[in-house]
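If you're matching them up, the sequences are chains A and B in order. Mapping of the first sequence onto the numbering used here: position 228 corresponds to residue 228, and the numbering continues sequentially without gaps. Mapping of the second sequence onto the numbering used here: position 229 corresponds to residue 229, and the numbering continues sequentially without gaps.
Certain hints may be false.
Examples of chain B residues lying across from chain A (beta carbon under 8 Å, computed) [claimed, not checked]:
1) 29
2) 66
3) 68
4) 74
5) 143
6) 146
7) 157
8) 162
9) 164
10) 186
11) 194
12) 197
13) 207
14) 235
15) 246
Short derived list, chain B residues pointing at chain A, Cβ under 10 Å [said to hold, decoys possible]:
16) 139
17) 140
18) 154
19) 222
20) 223
Simulated from the structure, these hints should not be mistaken for lab results. Cβ atoms here follow ideal geometry from the backbone N, Cα and C, with glycine treated the same way.
2 protein chains.
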Amino acid sequence: MLLSPAISVVLVESQGGRNLGAIARVMKNFGVADLRLVRPRVGHRSPEACRMAVRSVEILEQAALFESLPAALADCHLAVGTTRRFGRYRDNLLLPAEAAAMVATLPMGQRAALVFGREDKGLTTEELDCCQRLLTIPADVALPSLNVAQAVGICLYEVAKAAGGGENPSPAREDPATGAEYERLYDQMRQTLLAIGFLDPRNPGHIMRAMRRLLGRQGMTSREVRLLRGLLSQVDWLEREGRAARQPGRKQG
Amino acid sequence: MLLSPAISVVLVESQGGRNLGAIARVMKNFGVADLRLVRPRVGHRSPEACRMAVRSVEILEQAALFESLPAALADCHLAVGTTRRFGRYRDNLLLPAEAAAMVATLPMGQRAALVFGREDKGLTTEELDCCQRLLTIPADVALPSLNVAQAVGICLYEVAKAAGGGENPSPAREDPATGAEYERLYDQMRQTLLAIGFLDPRNPGHIMRAMRRLLGRQGMTSREVRLLRGLLSQVDWLEREGRAARQPGRKQG
Numbered sequence: 001m002l003l004s005p006a007i008s009v010v011l012v013e014s015q016g017g018r019n020l021g022a023i024a025r026v027m028k029n030f031g032v033a034d035l036r037l038v039r040p041r042v043g044h045r046s047p048e049a050c051r052m053a054v055r056s057v058e059i060l061e062q063a064a065l066f067e068s069l070p071a072a073l074a075d076c077h078l079a080v081g082t083t084r085r086f087g088r089y090r091d092n093l094l095l096p097a098e099a100a101a102m103v104a105t106l107p108m109g110q111r112a113a114l115v116f117g118r119e120d121k122g123l124t125t126e127e128l129d130c131c132q133r134l135l136t137i138p139a140d141v142a143l144p145s146l147n148v149a150q151a152v153g154i155c156l157y158e159v160a161k162a163a164g165g166g167e168n169p170s171p172a173r174e175d176p177a178t179g180a181e182y183e184r185l186y187d188q189m190r191q192t193l194l195a196i197g198f199l200d201p202r203n204p205g206h207i208m209r210a211m212r213r214l215l216g217r218q219g220m221t222s223r224e225v226r227l228l229r230g231l232l233s234q235v236d237w238l239e240r241e242g243r244a245a246r247q248p249g250r251k252q253g
Numbered sequence: 001m002l003l004s005p006a007i008s009v010v011l012v013e014s015q016g017g018r019n020l021g022a023i024a025r026v027m028k029n030f031g032v033a034d035l036r037l038v039r040p041r042v043g044h045r046s047p048e049a050c051r052m053a054v055r056s057v058e059i060l061e062q063a064a065l066f067e068s069l070p071a072a073l074a075d076c077h078l079a080v081g082t083t084r085r086f087g088r089y090r091d092n093l094l095l096p097a098e099a100a101a102m103v104a105t106l107p108m109g110q111r112a113a114l115v116f117g118r119e120d121k122g123l124t125t126e127e128l129d130c131c132q133r134l135l136t137i138p139a140d141v142a143l144p145s146l147n148v149a150q151a152v153g154i155c156l157y158e159v160a161k162a163a164g165g166g167e168n169p170s171p172a173r174e175d176p177a178t179g180a181e182y183e184r185l186y187d188q189m190r191q192t193l194l195a196i197g198f199l200d201p202r203n204p205g206h207i208m209r210a211m212r213r214l215l216g217r218q219g220m221t222s223r224e225v226r227l228l229r230g231l232l233s234q235v236d237w238l239e240r241e242g243r244a245a246r247q248p249g250r251k252q253g
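Modelling step: build the complete structure from the supplied sequences, incorporating the hints.
Right, dumping it as structure tokens:
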């Protein structure tokens with residue numbers, strides 16, 4: 001899905017095996033394969049990590065280990081660090097969608113890194129200094145700290161969206177109804193509802209207008225128009241049969 | 001952060017305590033408090049769930065339990081179901097940002113529900129039928145299935161983004177229909193359409209699903225639900241009269 005540019009997820013001093021596994025999974029969800037670990041505090045191939053990784057264990061297995069953040073970023077053209085301590089960085093701070101737009105539009109052959117810090121205290125000032133841009137995920141003051149795997153998920157979701165992977169998989173709705181189809185439907189509906197006594201012949205417009213509003217609002221497909229017309233035809237038939245049956249002298253079937 | 005509209009997260013048959021805890025945390029991250037559990041398969045106050053909930057345990061403690069999805073949605077005006085099986089629902093499918101825009105612009109006093117299914121197989125067709133709109137998170141074909149807590153996180157992130165993005169332009173449409181009203185309408189419709197022979201008794205679901213999609217897509221008002229129910233009652237009456245008239249020996253009027 002994400003072919004260009006190359007994207008790396010860089011984790012500094014990760015403490016939780018489960019988080020590593022969850023991160024591998026969500027990386028694969030969004031088509032990102034390159035995981036870089038700076039001094040991890042936990043085994044990245046632990047059973048716990050692998051259990052959470054669900055069909056993305058290869059990302060853990062192929063993760064590269066680094067002794068320092070600069071080493072992990074050495075071949076990266078754009079490093080975006082994540083932080084919640086934005087007091088001093090305001091002028092450099094991006095929202096996830098803004099960072100994603102930068103990452104997704106890097107020229108072919110360039111590599112972008114998204115850098116995430118420790119579960120408990122994030123990235124240090126020195127580590128943030130290694131990043132060209134900083135990113136924060138706006139969250140509620142009552143609990144602003146996201147789980148690191150959630151943060152990775154949201155950032156990669158935005159990158160995938162910006163890279164074009166986020167197009168709605170539903171193609172144009174099949175055969176939207178035309179104005180003529182709508183009108184034929186409303187004509188038939190009016191006749192049927194008059195015949196069964198649901199419309200007041202002195203003021204049929206009132207209810208018909210409500211029907212138009214209800215059905216027009218959603219935009220119908222041709223198929224839906226045919227479905228409703230079929231239903232109306234069935235009601236017509238019922239009405240005719242009932243009327244015929246009530247005729248005196250009609251032969252009972 | 002999200003004061004209006006009211007938002008509920010609805011989980012159907014959750015299987016993982018850790019996921020429940022992670023979901024509570026990310027709900028609090030994005031200022032959403034109302035958690036509804038339909039037949040959970042795991043204790044929502046288990047130590048495992050509470051450990052993952054990190055300062056959001058009150059969301060687990062206050063979670064409401066329901067026996068069925070319609071019951072959980074009874075007071076909701078917009079229910080958005082999440083799915084990856086979008087073959088037959090294409091015309092109804094939203095991206096997270098599109099769904100978030102709908103949720104975030106619901107008028108004051110209306111409640112929106114985001115509905116998530118089982119960890120292993122999501123929501124059933126019948127459960128998706130209870131939702132007016134469906135949402136899918138585009139993901140890589142190599143591993144399209146997101147962890148449910150990740151899916152909740154991404155959806156709420158988008159809702160928070162949409163809610164913070166601007167003021168609500170839409171004045172309240174009078175009396176939007178609730179989930180309970182929708183279900184009573186569909187119950188009556190099903191009975192009537194069976195009685196008049198418009199539904200195939202061996203497969204009534206096919207057409208009923210098309211009706212749900214057509215009517216649920218944009219949201220009905222209570223008044224519109226009453227209008228359609230009145231129409232169905234009229235058809236019922238017609239059908240009974242016709243049947244009675246066809247009885248041999250009935251006195252002709």
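Query raised in the report: Taking each numbered hint in turn, which are not upheld by the structure, reported in ascending numerical order?
Result: Of the numbered hints, 2, 3, 4, 8, 10, 11 and 19 do not hold.
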